[in-house]
Each structure stands twice: as C-alpha cells, then as structure tokens.
Amino acid sequence: MRAVIETPRLRLATIGISQAPEALDFVLRNREFLQPWEPLREPEYYTLEAQRRLIAFDSECMEQGSLLKLWISKRVSPGRFIGSVSLSNIVRGAFLSCHLGYRMDERETGKGYMTEAVKYAAEYAFRELGLHRIEANVMPRNEASRRVVRKLGFREEGLALRYLKINGKWEDHVHMVLLNDEMERP
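Just so we're on the same page, the numbering used here is the position in the sequence shown counted from 1, plus 2.
Worth flagging that the hints you see were computed from the coordinates, not collected in a lab. The structure displayed is predicted, hence computed values, not measured ones. Check before you lean on any hint, since a few could be wrong.
Per label pair, the in silico range of CB-to-CB distance [what the hints assert, rightly or not]:
no., residue 1, residue 2, range
1, 164, 80, 14 to 20 Å
2, 113, 58, 37 to 43 Å
3, 142, 111, 14 to 20 Å
4, 62, 146, 40 to 46 Å
5, 58, 145, 31 to 37 Å
6, 34, 185, 37 to 43 Å
7, 44, 186, 28 to 34 Å
8, 47, 96, 20 to 26 Å
9, 66, 6, 32 to 38 Å
10, 31, 183, 20 to 26 Å
11, 24, 159, 34 to 40 Å
Straight-line alpha carbon distances no greater than 27 Å define the calculated DSSO-like cross-link-like pairs of lysine-lysine that follow [unchecked claim]:
no., residue 1, residue 2
12, 113, 76
13, 76, 121
14, 153, 113
15, 153, 121
16, 167, 76
Where is the CB? At the ideal position from N, CA and C, for every residue including glycine.
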C-alpha cells in the first residue's frame with residue numbers, strides 16, 4: 003500500500019527502504035527526546051540496517067492491510083522527516099478499528115504539526131480505509147500527546163493499568179477513542 007497525504011503544511015507518506023537513511027536520521031536526532039515515551043531500544047535499533055528491516059516489515063504489514071505508517075515532513079523540505087503517525091492493528095469485519103501511534107521531532111513540538119498530521123491521518127482512515135474506530139492509548143503524564151487527541155475530539159473511555167512497557171517500566175495509559183460518526187448514519 004502506498005499513500006501520500008498533503009496537508010496545508012505537511013506531507014505524510016509511506017516510505018520504502020531507499021529512505022532508511024532519512025528514517026535513521028530522525029531516530030538518531032530524537033533518541034533522548036523520545037526515550038521516555040517509547041519501548042527500550044537496543045543499540046542496534048539506531049543502525050541503518052535495522053531501519054531498513056523495520057521499513058521492510060512495515061511495508062509487508064501495509065500490503066497485508068494491518069498497518070498504515072506515514073512519515074511526516076514539511077512540504078517545504080520533504081526529504082527531512084519530522085515525525086511519523088501509524089494506524090496499526092487494523093482489524094476488519096464487525097470491528098473496523100485500529101490503534102493510533104505518533105511521534106514528533108523535538109525541535110518541531112508545540113507548532114501544531116502533530117495535531118495537523120493526526121487529523122488528516124484520521125480522515126484518511128475513515129474515508130479511504132473505511133474504519134469506524136481509532137483508538138489512542140496515552141500515558142497520563144504525557145500531556146502534550148493527550149492535548150493532540152483531545153483537540154481532535156477523541157473521548158476518554160477509561161484507564162488501562164500497566165498497559166505497555168515503556169522505557170523499561172509498565173505504564174498506565176488513558177484509553178481514548180475517535181469514532182467515525184458518518185458510518186452510523188442511515
């Protein structure tokens with residue numbers, strides 16, 4: 003699956019193995035900044051070969067229809083990634099749901115880029131992928147991330163205790179959901 007979404011300021015696109023150097027540049031630049039919000043990473047994660055393998059795996063999952071991973075760049079500099087947004091664990095059938103994940107470059111936070119990217123990714127999920135539900139799970143202490151989904155209308159459905167192992171510790175997460183109300187209209 004290939005996808006490109008143009009927003010007023012951003013370009014969200016799937017990538018291929020040839021763009022592994024740009025992905026590596028992003029993870030290296032943001033290694034310390036993202037560490038408190040992500041699983042522990044082995045040193046090998048920060049190598050070009052590991053990024054190539056991850057992109058190949060993502061491409062396989064996208065071909066199977068279980069993932070949509072979009073790398074974010076500014077429209078004025080499309081060769082430099084400033085983040086990513088993922089719709090993972092896409093389930094069809096009666097559920098029509100996915101999990102939302104996102105991360106932003108430290109130097110680009112506070113500018114509304116992630117809210118813009120998630121908004122357009124969610125619209126794509128509803129319109130193009132035909133999904134009914136997008137689930138976001140956010141650590142209670144990650145206020146910046148919670149602000150992103152709140153602005154876009156995600157509603158809190160509860161607290162998942164010790165939900166994910168983040169930076170070596172099991173962390174609680176607030177379960178938030180955005181529904182595709184258009185699917186519910188007769």
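A quick look at each hint next to the structure:
no.: 1; hint: 164 - 80: 14 to 20 Å; in the structure: violated, 39 Å
no.: 2; hint: 113 - 58: 37 to 43 Å; in the structure: violated, 31 Å
no.: 3; hint: 142 - 111: 14 to 20 Å; in the structure: holds, 19 Å
no.: 4; hint: 62 - 146: 40 to 46 Å; in the structure: violated, 31 Å
no.: 5; hint: 58 - 145: 31 to 37 Å; in the structure: holds, 35 Å
no.: 6; hint: 34 - 185: 37 to 43 Å; in the structure: holds, 41 Å
no.: 7; hint: 44 - 186: 28 to 34 Å; in the structure: violated, 44 Å
no.: 8; hint: 47 - 96: 20 to 26 Å; in the structure: violated, 36 Å
no.: 9; hint: 66 - 6: 32 to 38 Å; in the structure: violated, 20 Å
no.: 10; hint: 31 - 183: 20 to 26 Å; in the structure: violated, 38 Å
no.: 11; hint: 24 - 159: 34 to 40 Å; in the structure: holds, 36 Å
no.: 12; hint: 113 - 76; in the structure: holds, 12 Å
no.: 13; hint: 76 - 121; in the structure: holds, 15 Å
no.: 14; hint: 153 - 113; in the structure: holds, 14 Å
no.: 15; hint: 153 - 121; in the structure: holds, 9 Å
no.: 16; hint: 167 - 76; in the structure: violated, 31 Å
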